[in-house]
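Protein chains in written order, with UniProt numbering: chain H, 1 to 254; chain U, 1 to 937.
Just to be clear, a hint being listed does not mean it is correct.
[Unchecked claim] Pairs of lysine to any residue residues, derived as SDA-like cross-links and limited to a Cα-Cα distance of at most 20 Å, are as follows:
1) U:801 with H:47
2) U:344 with H:70
3) U:934 with H:47
4) U:196 with H:157
5) H:9 with H:182
6) U:18 with U:672
7) U:196 with H:193
8) U:174 with H:221
The set of hints was computed from the structure by calculation and includes no laboratory data.
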Amino acid sequence: MTELPTNTKRKMGLVIDLDTCVGCHACVISCKGWNTENYGAPLSDQDPYGADPSGTFLNRVHSYEVQPESGPAQLIHFPKSCLHCEDAPCVTVCPTGASYKRVEDGIVLVNESDCIGCGLCAWSCPYGARELDQAEGVMKKCTLCVDRIYNDNLPEEDRVPSCVRTCPAGARHFGDFADPDSNVSKLSAERGGMDLMPEMGTKPVNKYLPPRPKDQIDEQIDILAPLLAPVADEASGFLGWLDKALDKMPGGSR
Amino acid sequence: MNQPVLDTSPKVSDEVRKTTCYMCACRCGINVHMKDGKVAYIEGNRDHPVNKGVLCAKGSAGIMQVNAPSRLRTPLKRVGPRGSGEFEEISWDEALEIAAGWLGPVRKDDPSKLAFFTGRDQSQSFTSFWAQNFGTPNYAAHGGFCSVNMAAAGIYTMGGAFWEFGQPDWEHTKLFMLFGVAEDHDSNPIKMGIGKIKARGARVIGVNPIRSGYNAVADDWVGITPGTDGLFILALVHVLMKAGKIDLDYLSRYTNAPVLVNAAEGPEQGLFLRDSDSKPLVIDRITGKLTPFDQKGVRPDLSATYEKDGVTHRPVFHQMAERYLSDEYAPEAVAERCGISAGKIRAIAAELARVAFDEAFELDKEWTDFRGETHSKMIGRPVSMHSMRGISAHANGFQTCRALHVLQIILGTVEVPGGFRFKPPYPKPVEAHPVPHVGVTANQPLDGPHLGFVRGPEHLALKEDGSPARIDKAFTWENPMSSHGLMHMVISNAHAGDPYKIDTLFMYMANMSWNSSMNTKGVMEMLTDKDENGDYVIPRIIYSDAYSSEMVAYADLILPDTTYLERHDCISLLDRPICEADAAADAIRWPVVEPDRDVRGFQTVLVQLANKLGLPGFTNEDGSAKYTDYADYIVNHERKPGIGPLAGFRGENGDQEGRGAVNPDQMNRYIENGSFYVSHIPDGADYYKPWNSAYQDWAVGMGIYDSPQPYLFQLYVEPMRKFQLAAEGHGERQPPDHLRDQIKTTLDPLPIWYETDQTGNEGYTVNALTQRPMAMYHSWGTQNAWLRQLHGRNPLYVPTKLMHDHGLSDGDWARVSSPHGAITVPVMEMASLNENTVWTWNAIGKRKGAWALSNDAPEATKGFLLNHLIHELLPPKGDGLRWANSDPITGQAAWFDLKVKIEKAEAPSDAQSQPEFAPIKSPVGQGPDALAWKVGK
């Protein structure tokens, strides 16, 4: 059993905007590229050119179809990585202490040298956010790019997770949830940021912004209808209207 | 707590090399992090005008491309039969000797016997220069089977289209409407723009039969019936005109709406009234007099007519009112056909009107128009639009694209704040573009550029006997305005010897024996077919590709290209640059790593071939070679004095832009600057560009124009009317009789909608489409170890209703047939889809043996192509003629006109999609069993 810190000074995490995520997978591959080269063992791929390619990814995008009570079906793109929970069951379940939550910023990490690859943490995570690397036999997970966010070798503006830096739609935001004035705290408050599966009691740090209501335009026609009052019913009447309208324009009257 | 101490500041890389991405056609700036001389990590370049630091999945996966096992390694000479994949490795000396040995005699005898077509080529100003100097008229890139309708309709209508031609004013737009965008062109800028405008509460309306990607995040989705976009758009035009929600001031000043149309019967009926200088005439609303449109102080009248010799000549706008106010375009009349309720059409029209007019705003920027009038402000209309292949790849696509531009223009939203903005070198009117050239002389260059914009029948590419001058029959009566050529017809026509036989087919980056052709199986047969003497019907095929694609097996000589990180390139203002609405910009690529194989950049190989052949544009007067390689050409070539492929760092000291002497250090200056160059448009010159004197002067200084080129938007396209006049019997050049009706009907100078040719479609009622996934668009992703884990499978997506109708469940198999063929494929239900449309991801399916994938890879077993269902010709009509499955105006391949029938099928015994093809022998073998990529210690 591994202990969780009672409190962390900061709560670093992500806000993911489901209203703007177009499902392009940029974050998935940028994450793969940074993290295969950096923290810990590389993210391996088995059978990469064969029948059943299967690699380690710390971040994946799933797509779900949703059928609202009325209106057409919708497609929601849902990026998912470790949510760096305050009550992280993956930490308390770890038999070797390899899995831990950092005191200084709340990031949940795996100390690979202590990891025996037993997989208990992956089993305990309700989000399926951990993947056992098949080549290395150690558990891999989102590090929130702990080797980027404080990295003095990077320009300050680049000290964000690679998924945030690369997201073309700007759907991913990084910051400190312990600070109510941070960008992520404010964004989450403004847009109704949600916990993923709050009933699990894991108190995830990452927040999801819900999609805005869709397909409302049909219902606005009553409000919009006056805009479409016809100026004439046919071409000849239209040309009559046109002459009057041109006269009304600045410098229009002959 | 006792926690591990981490090094949170590890060294990131030894060096960052900045170049330009080529994982798709978006051309983002990338930072390539190097460790131990190898590529360690790729991220977006924050300073770059295109992507401003972001990067898509393809871009980040470039590391798996530069290391792909499918990379070709050395030149290859075919030793087995075509299609077998049996090759012998040869040296570059031998390869160039063979190629020159084939091409030299062709050039001496008849240069048109060479058909040189480049696919996803980003160096068209160079490849066309090569082809022109060779002397063949048979050159084009892939535009004809991609989106020529979009490009040509944009240029003919308003001097530019979408993507590299222009972009929404992301800073100010409040309503963004996109049509038929299959997660494609301009990929990162569109994603960035959507994110930006949504963050400030602006709305997005997506018009697409498939609700994925951008359409999934659209606030409102219009799941339109494929091929009816033009009808929907003209219904919007109808409603807006009827309600008077149109920008009359804009229409009168900046468009040809007030231009008078000749009503007198005869050879000029329907052409513009012009003065002796050929300037279109309008009535000035101030004086009531007839005057050229561009005179100082003139206020063109949208309403006034002109009487002469008892004939009333009316302005274009009268004809528009007559046509679009007709009940034919009323929402109720089009709703069922479009699959959109009349109420929804009205609601969208009302929302367009509300945002364009009620949310209009002003920018405090003074500007002076081409008539000399100074305006104290710029009026913003915050409605913007974007569109691409979805509306374009239909046989009515040109008119549909035209209709979309007319919609943008009547709302007054083009080149105004909040609307759609051009990117230099656009706007550029048709008059500033070349016309097609086909003047062939043995041993001489062609008499001018191949491709262009015809102004009338006089510019058709016809021989003296009236037969097509080009192998693809571009610029003929079958498709007079085919500005990008018809790459999809080249193999079929060359095989048929129609219009003539060729000797050598030379292609680059075009997978014609697989996903880039209609009728894939037929194309394979054409490429391998032999004549009565046992010789191949297409005698010689040279192909260049960086990878072991399906096309490799069908060539006689393979010239292996480099990957994009191993080469020089220029993304030039002479071609398709990377400009932004506020700036001109161009870019380069340079070898951030050297190839570890015996491969050469294709453009360098063309230089070497040109030197061997002594092509004029590549040879000095003393017979010596002008250029040693492509990099040499990029820096030292001058198209006109002072104007070369790159606009930045010109002049001996590198301090001139646009125009300036050759700077031998130019390439290094680009590399130091992040591999791009940006020149900002001055404030006040940044909107109203086609009419803004300050912009016009800036563009002349940059070398974009030689003199100011102000022009009117062409709601009415006069060149189209000229073709109609010919079809009506006027003029010397006359179409064949069987094409007269088609020309009269489809080349209407005002946008129309027509049903595409449905010959043979009886019983085939379901629309079938393809799109590319965002993570693979315009890329070679299926072989990419990381990307194929995202999109390694392509079921046929079937809407819920059709699933039920046919008793289908996920994982079942269906037989999908068209008048041309049948495939048997796995299905998956999709609810967010037009209820009479099926679709799949294109080009996921691969042939066994290609791309270094194993034969049991899902791409090669269950993966499939819809191409087997689409023929390059329409079903025979019994007249003995070959009718192309193309737009009758531009020749654009009508991929999305496909109609199919779907039936539940037994799973094939080997659980593989049908038809199956025998494996081809791979020249590169298969990739490794495992990867763990980490180049640093």
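Residue 801 of chain U paired with residue 47 of chain H [C-alpha distance capped at 20 Å]: With Cα atoms ~37 Å apart, residue 801 of chain U and residue 47 of chain H exceed 20 Å; violated.
Restraint status (C-alpha distance of residue 196 of chain U to residue 157 of chain H at most 20 Å): The given pair, whose Cα atoms are some 19 Å apart, holds under the 20 Å limit.
Pair hint outcome, residue 18 of chain U versus residue 672 of chain U [Cα-Cα no greater than 20 Å]: holds, 8 Å
Residue 934 of chain U paired with residue 47 of chain H [C-alpha distance capped at 20 Å]: holds, 17 Å
20 Å Cα cutoff - pair residue 174 of chain U, residue 221 of chain H: Holds, because 19 Å separates the two Cα atoms, which is no more than 20 Å.
Pair hint outcome, residue 9 of chain H versus residue 182 of chain H [Cα-Cα no greater than 20 Å]: The given pair, whose Cα atoms are some 14 Å apart, holds under the 20 Å limit.
Hinted pair residue 196 of chain U and residue 193 of chain H, Cα distance within 20 Å: Holds. Residue 196 of chain U to residue 193 of chain H sits at ~19 Å (cutoff 20 Å).
Pairwise hint evaluation, residue 70 of chain H against residue 344 of chain U, where the allowed Cα distance is 20 Å at most: holds, 15 Å
Hint check: a violation occurs at hint 1 only; the rest are consistent with the structure.
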